[in-house]
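Residue numbers (my numbering): 563 to 645.
Since the hints were made in silico from the structure, they are not lab data.
None of these values were measured; they are calculated from a predicted model.
Errors might be hidden in some of the hints.
If you anchor each label on the Cβ, the simulated ranges turn out as follows [to be verified]:
#1 569 with 636: 25 to 31 angstroms
#2 620 with 643: 35 to 41 angstroms
#3 642 with 618: 27 to 33 angstroms
#4 568 with 604: 16 to 22 angstroms
Derived lysine to any residue pairs resembling SDA-like cross-links, with alpha carbons at most 25 angstroms apart [as the list claims (entries may be wrong)]:
#5 627 with 641
#6 597 with 626
#7 627 with 606
#8 627 with 639
#9 627 with 586
#10 627 with 581
#11 597 with 633
#12 597 with 643
#13 597 with 613
#14 627 with 642
#15 597 with 645
#16 627 with 640
#17 597 with 637
#18 627 with 643
#19 597 with 615
#20 627 with 644
#21 627 with 580
#22 597 with 638
#23 597 with 639
Glycine included, each C-beta is placed from N, C-alpha and C at the ideal position.
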Amino acid sequence: MAARSRPTANGVSVNLVYTPLEYRERGYATACVAKLSQHLLDSGFSFCTLFANLANPVSNHIYEKIGYRPVCDFAEWRFAESA
């Protein structure tokens, strides 16, 4: 399964990509993300993005296979409220 989110005037993100354990290694995630990405582009978006863990070779292989490429890294910082 996969979903779309964060649409802007030109682009949209693909997220919530998940395949249950018993259905993995059958190409379902590759087909799902590829079809969803193409549908979004055909719907008028200029580009699709997604966030992926660069340390996960399985998901990265899938995304690169269908045309995605790493663009940048990011970090999230959370600060505790001061007492």
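For this session: Would you mind confirming whether the straight-line C-alpha gap from residue 627 to residue 581 stays at or under 25 angstroms?
Result: Within the cut-off at roughly 17 angstroms; holds.
Problem set entry | Straight-line alpha-carbon gap residue 597 to residue 626, limit 25 angstroms | With Cα atoms ~14 angstroms apart, residue 597 and residue 626 stay inside 25 angstroms; holds.
Exercise. Keeping to a limit of 25 angstroms between CA atoms, is the pair of residue 597 and residue 615 held or broken?
Worked result: Measuring from Cα to Cα gives roughly 21 angstroms; hence the hint holds.
Problem set entry | Given pair status - residue 586, residue 627, alpha carbons within 25 angstroms | holds, 16 angstroms
Exercise. If you draw a straight line from the CA of residue 627 to the CA of residue 639, is it 25 angstroms or shorter?
Worked result: violated, 31 angstroms
Exercise. Is the straight-line distance between the alpha-carbon of residue 597 and that of residue 639 25 angstroms or less?
Worked result: violated, 34 angstroms
Problem set entry | Pair hint residue 597 and residue 637, alpha-carbon separation not exceeding 25 angstroms | violated, 29 angstroms
Problem set entry | CB-CB spacing for residue 604 and residue 568 relative to the 16 to 22 angstroms hint | holds, 19 angstroms
Exercise. If you draw a straight line from the CA of residue 597 to the CA of residue 633, is it 25 angstroms or shorter?
Worked result: holds, 21 angstroms
Exercise. Does residue 597 pair with residue 645 here, judged by a C-alpha cut-off of 25 angstroms?
Worked result: Violated, at about 49 angstroms.
Exercise. Taking 25 angstroms as the top limit, are the C-alpha atoms of residue 627 and residue 642 close enough?
Worked result: Measuring from Cα to Cα gives roughly 40 angstroms; hence the hint is violated.
For this session: Please test the hint of 27 to 33 angstroms on the beta carbon pair from residue 642 and residue 618.
Result: holds, 29 angstroms
When each numbered hint is compared with the structure, violations occur for hints 1, 5, 8, 12, 14, 15, 16, 17, 18, 20, 22 and 23.
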